[in-house]
Amino acid sequence: MTYDLELVQLGKTFPNGTPAVVAFDLRVEKGEFVSFVGPSGCGKTTTLRMIAGFEASTSGDILIRGRNVSDLPPERRPTSTIFQNFALFPHMTVRQNIEYGLRVRGVAAPERKRRVDAMIDRLELGDVADQRAPGLSGGQRQRVALARGLVVEPDILLLDEPLGALDANLRKSIQHQLKQLQRTIGITFVFVTHAQSEALTLSDRVVVMNRGRSEQISDPYELYTRPRSAFVARFIGRNTLLAGSVAGVEDGIATLTTAFGPMRGATNGAVFTSGTAALLSIPSEAFEITAATAAAGPERLRGRVLGRTILGTAVRLRIALPDGQEILIETHRDQFTGEWSEGEVMLTWQPPDATVVAAD
Amino acid sequence: MIRSALRWPLAAFTGLFLFFLYAPFGVLGILSFQSGPEGGPQFPIIHWSTYWYRHLFGLTPPSRVAPLPIGDALVRSLTLAFLTMVTATVLGVISAQAFREKFRFSGVVFYLIVLGMIVPGVLVGLGTALLANHLGVARHWWSTSFVTHVVYTFPFAFLVMLAIFNRFDRSVEEASWSLGVSPFRTFNKVTLPLIFPGVLSAMLFAFTLSYDEFPRTLFTAGGAQTLPLAIYGTFSIEIHPNIFAFGVLTTLFSFALLAVYGLLMALSVRRARRVAIQEDVR
Ligand SMILES: Nc1ncnc2c1ncn2[C@@H]1O[C@H](COP(=O)(O)OP(=O)(O)O)[C@@H](O)[C@H]1O
Ligand SMILES: [Mg+2]
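Sequence order for the protein chains is W and H. Residue numbering for the first sequence is 1 to 360, as defined by UniProt numbering. Residue numbering for the second sequence is 1 to 282, as defined by UniProt numbering.
Do not rely on the hints blindly, as some may be mistaken.
To be verified - EDC-like cross-link-like pairs, simulated, lysine to aspartate or glutamate; straight-line CA separation at most 20 Å: (1) W:K172 - W:E124; (2) H:K102 - W:E55; (3) W:K113 - W:E124; (4) W:K179 - W:E75; (5) W:K113 - W:D61; (6) W:K172 - W:E153; (7) W:K30 - W:D167; (8) H:K189 - W:E75; (9) H:K189 - W:D130.
The set of hints was computed from the structure by calculation and includes no laboratory data. Treat the numbers as computed from the prediction; the structure is a model and nothing was measured.
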């Protein structure tokens, strides 16, 4: 089968020697919403710009619907890009902005008008169609950018932190609209963000990037519950990491020897030999809190409550582990008893809820 | 404290600056309205008259003072300034566009271009004349002078455009490419409209610099003179107030040029301000 987008060992080293992207492999099916997420400087924008054709790759290939586009200039690739600052043409009205691509391509006036009107309707830009771009609000400008990019019917829409320029409240509602839009139009979206919540909320699949490499490509649920590397365990969600070495593996559950005694977690298909250094990643949600008087044993950590915050139906506790690590745990208010509010507690979890990853 | 202490010296300085800037023109203006044709420059004016303005356009009866031989020179200078303006601005835009990307030796090339502004004009003119003689090329205002004018004004146009491109957000160009528009058409439809204020400034620079250029033209113009040469030529005979009248007119012409520039600029600044608003919101 052909994929909408295929990156094969894609790499980019800048002339100054910076290896921005290294051996990047990715296959995206038609209609997928894929996000690249990672810390600033990890190569997300560079990858996106290579797909768009603004930046030449220094190794590997880019295929769009089976066609190798690696050597095509941006104007001959079936992609549209939405920039973080939206990059609207300030000397044109909203309608002219949207019409621009079709007009320059020589699409006949009646069809052009039909397609532009449809796009103006779809993105609810009717009221501002004759205003110039710079007078618009952030949300409006974002919709104009989307309309302008989509009206030329690209195979793939590339979005570089398109919500970054909007204020927090607007971002939430636009996230929803964006997902909705992608569903109805059905084209492939490749979305870059440094905010994991955006990636997890919007995407069918998420690529976590670190130092130019893709660390893990998973759907949001798996990514959140089953990190496959120490980097992902630290970057995504709120995990507590315990260092240790593998003592043995049985039925997909590894036992780690840690400073707090033996602890168990799922290997999630990874292979570990005895004695290798590893990390146990325990999601904050997997912890159960019991009284400090409970007996010590596997999957038990002693902790000291440092403070609490009431968040409506939940209570957030700040707890110090014996090694000095501080963790935040949210627990339902019903389960919260006053006796933990100060002093010692015992934390437990189910081994399958924790994941063992190789140490870095 | 320091602010108020500096206040009066600064005011005095500004006053002196304005005085030295405009007083010569004021004197010229007053002198141009004396009566003629008898008598040299006199101050203060005894009889106010527009005689010398009429004399300039050949509307007075023939007299001892010959009409200024500037009609053809004026046409030549305007033509030369116009050609220089177009050529230098086009070259300035193109080369500044090239300098948006770093290329090999771009630093060296940059300084070589800018150095052209510093080299003494008389030397450039003399050198060009010698070179032309050596190569057997005849000197004319439209050939050798034109070349020296372009070489002289091009760095100004180049620097103006470089400053404009420095602040130019290239993502609008990328957005255009991404919509399937070739770089060439993108330049015409997106880049050029947005850098237009800069292009206007470059044009104004090139035109005015060429229009009153003297040292580079002196040796390169050949037989047919440009306006600054022609005017200088009349000084060596005898100075009559018709020169002053002409000075007033040509200054008014420059002001008109500035007014046109200001008008066009205001239009594109209105647009630029909209761009600025767009950038603030982000
Ligand atoms: N034009 C460039 N020249 C040299 N290095 C660059 C250039 N653009 C980006 N980089 C470097 O490449 C790396 C990846 O950058 P980028 O893709 O912008 O990261 P991200 O979008 O994930 O924040 C960074 O180390 C950055 O400094
Ligand atoms: Mg980026």
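Right, here's what the structure says about each hint:
| no. | hint | result |
| --- | --- | --- |
| 1 | W:K172 - W:E124 | 18 Å, holds |
| 2 | H:K102 - W:E55 | 15 Å, holds |
| 3 | W:K113 - W:E124 | 16 Å, holds |
| 4 | W:K179 - W:E75 | 26 Å, violated |
| 5 | W:K113 - W:D61 | 37 Å, violated |
| 6 | W:K172 - W:E153 | 26 Å, violated |
| 7 | W:K30 - W:D167 | 31 Å, violated |
| 8 | H:K189 - W:E75 | 15 Å, holds |
| 9 | H:K189 - W:D130 | 19 Å, holds |
Checked against the numbered hints given earlier, the structure breaks hints 4, 5, 6 and 7 and satisfies all the rest.
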